[in-house]
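Okay, here's what each chain looks like letter by letter:
There are 2 protein chains.
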Amino acid sequence: MAQPRFDVLGIGNAIVDVIIQTDDGFLSENNLLKGAMSLVDAETSAALYDKSGPAIEISGGSAGNTISCLASLGSNAAYVGKVFDDQLGHVFAHDIRSLGVHFATTPATEGPPTATCLVLVTKDAERTMQTFLGACVGLGPQDIDEDEIAAAAVTYMEGYLWDPEEAKAAFLKAADCAHAAGREVSLSLSDPFCVDRHRDEFRDLVANHVDILFANEDEIISLYQTNTFDEALQAVRGACKVAALTRGENGSVIVSGDEVHSVDAEPVDNVIDTTGAGDAYAAGFLHGYTAGQGFAVSARTGSICAAEMISHLGARAQVNLKDLVAEKISS
Amino acid sequence: MAQPRFDVLGIGNAIVDVIIQTDDGFLSENNLLKGAMSLVDAETSAALYDKSGPAIEISGGSAGNTISCLASLGSNAAYVGKVFDDQLGHVFAHDIRSLGVHFATTPATEGPPTATCLVLVTKDAERTMQTFLGACVGLGPQDIDEDEIAAAAVTYMEGYLWDPEEAKAAFLKAADCAHAAGREVSLSLSDPFCVDRHRDEFRDLVANHVDILFANEDEIISLYQTNTFDEALQAVRGACKVAALTRGENGSVIVSGDEVHSVDAEPVDNVIDTTGAGDAYAAGFLHGYTAGQGFAVSARTGSICAAEMISHLGARAQVNLKDLVAEKISS
Numbered sequence: 257m258a259q260p261r262f263d264v265l266g267i268g269n270a271i272v273d274v275i276i277q278t279d280d281g282f283l284s285e286n287n288l289l290k291g292a293m294s295l296v297d298a299e300t301s302a303a304l305y306d307k308s309g310p311a312i313e314i315s316g317g318s319a320g321n322t323i324s325c326l327a328s329l330g331s332n333a334a335y336v337g338k339v340f341d342d343q344l345g346h347v348f349a350h351d352i353r354s355l356g357v358h359f360a361t362t363p364a365t366e367g368p369p370t371a372t373c374l375v376l377v378t379k380d381a382e383r384t385m386q387t388f389l390g391a392c393v394g395l396g397p398q399d400i401d402e403d404e405i406a407a408a409a410v411t412y413m414e415g416y417l418w419d420p421e422e423a424k425a426a427f428l429k430a431a432d433c434a435h436a437a438g439r440e441v442s443l444s445l446s447d448p449f450c451v452d453r454h455r456d457e458f459r460d461l462v463a464n465h466v467d468i469l470f471a472n473e474d475e476i477i478s479l480y481q482t483n484t485f486d487e488a489l490q491a492v493r494g495a496c497k498v499a500a501l502t503r504g505e506n507g508s509v510i511v512s513g514d515e516v517h518s519v520d521a522e523p524v525d526n527v528i529d530t531t532g533a534g535d536a537y538a539a540g541f542l543h544g545y546t547a548g549q550g551f552a553v554s555a556r557t558g559s560i561c562a563a564e565m566i567s568h569l570g571a572r573a574q575v576n577l578k579d580l581v582a583e584k585i586s587s
Numbered sequence: 257m258a259q260p261r262f263d264v265l266g267i268g269n270a271i272v273d274v275i276i277q278t279d280d281g282f283l284s285e286n287n288l289l290k291g292a293m294s295l296v297d298a299e300t301s302a303a304l305y306d307k308s309g310p311a312i313e314i315s316g317g318s319a320g321n322t323i324s325c326l327a328s329l330g331s332n333a334a335y336v337g338k339v340f341d342d343q344l345g346h347v348f349a350h351d352i353r354s355l356g357v358h359f360a361t362t363p364a365t366e367g368p369p370t371a372t373c374l375v376l377v378t379k380d381a382e383r384t385m386q387t388f389l390g391a392c393v394g395l396g397p398q399d400i401d402e403d404e405i406a407a408a409a410v411t412y413m414e415g416y417l418w419d420p421e422e423a424k425a426a427f428l429k430a431a432d433c434a435h436a437a438g439r440e441v442s443l444s445l446s447d448p449f450c451v452d453r454h455r456d457e458f459r460d461l462v463a464n465h466v467d468i469l470f471a472n473e474d475e476i477i478s479l480y481q482t483n484t485f486d487e488a489l490q491a492v493r494g495a496c497k498v499a500a501l502t503r504g505e506n507g508s509v510i511v512s513g514d515e516v517h518s519v520d521a522e523p524v525d526n527v528i529d530t531t532g533a534g535d536a537y538a539a540g541f542l543h544g545y546t547a548g549q550g551f552a553v554s555a556r557t558g559s560i561c562a563a564e565m566i567s568h569l570g571a572r573a574q575v576n577l578k579d580l581v582a583e584k585i586s587s
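So the protein lines, in turn, are chains A and B. Just so you know, we're using our numbering here: the first sequence kicks off at 257 and counts up by one. Just so you know, we're using our numbering here: the second sequence kicks off at 257 and counts up by one.
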């Protein structure tokens with residue numbers, strides 16, 4: 257099998273985050289489900305934005321964040337996602353390409369604008385997200401290039417892809433292409449409410465299409481509808497080759513066949529915004545995994561990346577992650 | 257004279273900042289003048305952006321920053337500036353209006369897009385700015401509403417307004433309207449290179465049209481082409497009613513007739529990005545000034561706002577400045 261051109265190719269909803277610092281009162285006044293990602297239409301998004309305070313725009317999107325972190329870690333990375341040919345689409349494309357990521361998906365020139373996510377960050381560093389999918393609804397199987405997929409050691413997809421209808425078909429096509437080329441498929445469950453929307457299909461995916469699964473505690477419990485984390489751990493064990501389960505400040509558990517690792521979270525002085533913590537963990541883990549570094553080092557790398565991400569607003573790294581990880585792991 | 261509806265009305269180039277963390281090597285490779293604001297055309301801006309790393313978009317513009325800080329301080333504020341009717345124009349308008357600022361300038365629907373400024377921030381927290389003026393070139397006397405100007409205790413303008421040709425006429429019209437209504441006019445010199453571009457006109461402005469002048473050390477030295485700060489101080493003394501001269505970590509000096517104050521800078525643990533320090537100082541000063549708090553308290557308020565601004569990326573406050581100032585001044 258040819259040496260892969262890309263360590264990881266990510267597929268996701270290409271979104272620009274509109275980050276707004278707010279308080280719990282604003283969330284409850286607007287009936288927003290704290291901590292969740294909710295889908296909203298253009299009008300609802302605009303109405304909420306009009307009521308919100310000043311914002312900061314930073315490229316986002318779950319898999320986009322992961323792929324950006326992978327590039328910052330020094331991995332060869334590629335991304336597939338649909339923006340519109342507008343100013344925010346250019347912002348998204350610039351930010352990911354400027355890290356050296358291969359991003360060749362044709363932008364939409366008809367239909368809705370580039371997707372935006374209103375990320376409402378409260379003082380407890382929790383984020384509540386309202387996503388207008390915009391141009392992401394145009395992502396479909398026609399955007400999956402078999403040669404690109406075959407050129408990636410791991411094809412990584414976000415569970416949020418299951419929300420826009422056409423992206424499901426893109427997801428399954430990509431998974432099939434990857435496996436036909438002898439490559440691996442990875443999935444992040446994204447959000448417990450996303451799992452709730454697509455539980456049966458996600459269980460089938462995990463059992464039949466996914467080699468490396470990422471989920472946090474709430475997501476894996478939602479997937480298997482168990483009462484405890486340990487019950488969910490038993491359920492996922494053996495369902496896919498590797499499961500990396502994150503538990504916030506309680507670290508992460510990795511299960512793969514008979515191998516089990518429990519890795520501490522990296523301490524953080526001042527947690528500002530938890531947006532992108534899981535995305536960054538997945539990046540660190542996949543960086544180590546594709547470099548053959550073993551699960552313990554891979555998970556530690558994930559923890560270091562997640563710690564960097566939650567120490568500032570936004571879900572894109574503000575330092576060079578390769579340097580940061582080298583410094584932390586050697587110390 | 258009627259009680260003013262607005263404490264301060266600001267007029268400036270309406271710009272969205274594109275903030276990029278970089279290093280000195282990148283500045284020298286691209287022949288960029290460190291610390292300065294340089295004007296570039298659309299092509300030059302796009303070429304530099306393409307070569308730059310990932311960015312964060314935050315509303316900016318010198319007077320826009322000042323007016324946003326004033327609103328955060330609790331002042332009644334208004335803004336005049338020209339965006340295009342595009343995504344970044346909507347971002348700018350949202351961010352300033354969401355603070356309660358009156359912003360009624362008609363956006364352009366023909367011509368260049370909303371202005372952007374590539375703000376290159378180096379590890380020493382210095383910022384180097386490359387501004388594409390875009391829709392700002394469309395700001396002219398037709399955008400100055402005499403009733404709005406007459407309704408503001410102080411009309412504040414940035415020196416950068418002298419760069420787009422039509423804005424000069426807007427500037428002079430606004431100054432005349434303000435004085436005709438018995439109000440005051442304030443000017444910030446903006447940048448030593450901007451002073452260099454327009455020195456003779458700026459000297460005339462300061463002598464004949466400006467009541468309250470803001471300048472940093474480099475700018476006031478450039479205006480009067482003196483060798484020392486003290487020589488420049490003597491030159492400006494008496495030229496206008498109030499001169500507030502900032503000296504970075506060395507604090508500020510305020511001269512007004514026989515009155516002189518020297519006020520310390522507010523200590524900052526970790527300076528991240530000096531963008532907007534002067535804008536924030538002017539906001540704090542004008543907030544105190546229009547509230548009749550005296551020069552010493554006004555300057556202290558300016559120092560507190562400047563310290564908040566340089567402790568993070570971007571030139572818009574990340575905390576409520578009214579609360580911050582109340583806490584600092586009472587402690």
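Hints should not be assumed to be uniformly reliable.
When chains are identical, the list treats them as one kind, so a pair holds in a single copy or across two.
Listed next, the in silico DMTMM-like pairs over lysine to aspartate or glutamate satisfying Cα-Cα at most 20 Å (straight line) [to be verified]:
hint	residue 1	residue 2
1	578	486
2	307	279
3	379	579
4	584	522
5	379	583
Think of the hints as simulated: they come from the structure by calculation, not from any bench. Predicted, not measured: the structure shown is a model, and the values here were computed from it.
Tested hints:
no., hint, result
1, 578 / 486, "neither (33 Å within a copy, 48 Å between copies)"
2, 307 / 279, "within (13 Å within a copy, 38 Å between copies)"
3, 379 / 579, "between (30 Å within a copy, 15 Å between copies)"
4, 584 / 522, "within (10 Å within a copy, 33 Å between copies)"
5, 379 / 583, "between (30 Å within a copy, 18 Å between copies)"
Checked against the numbered hints above, the structure breaks only hint 1 and satisfies the rest.
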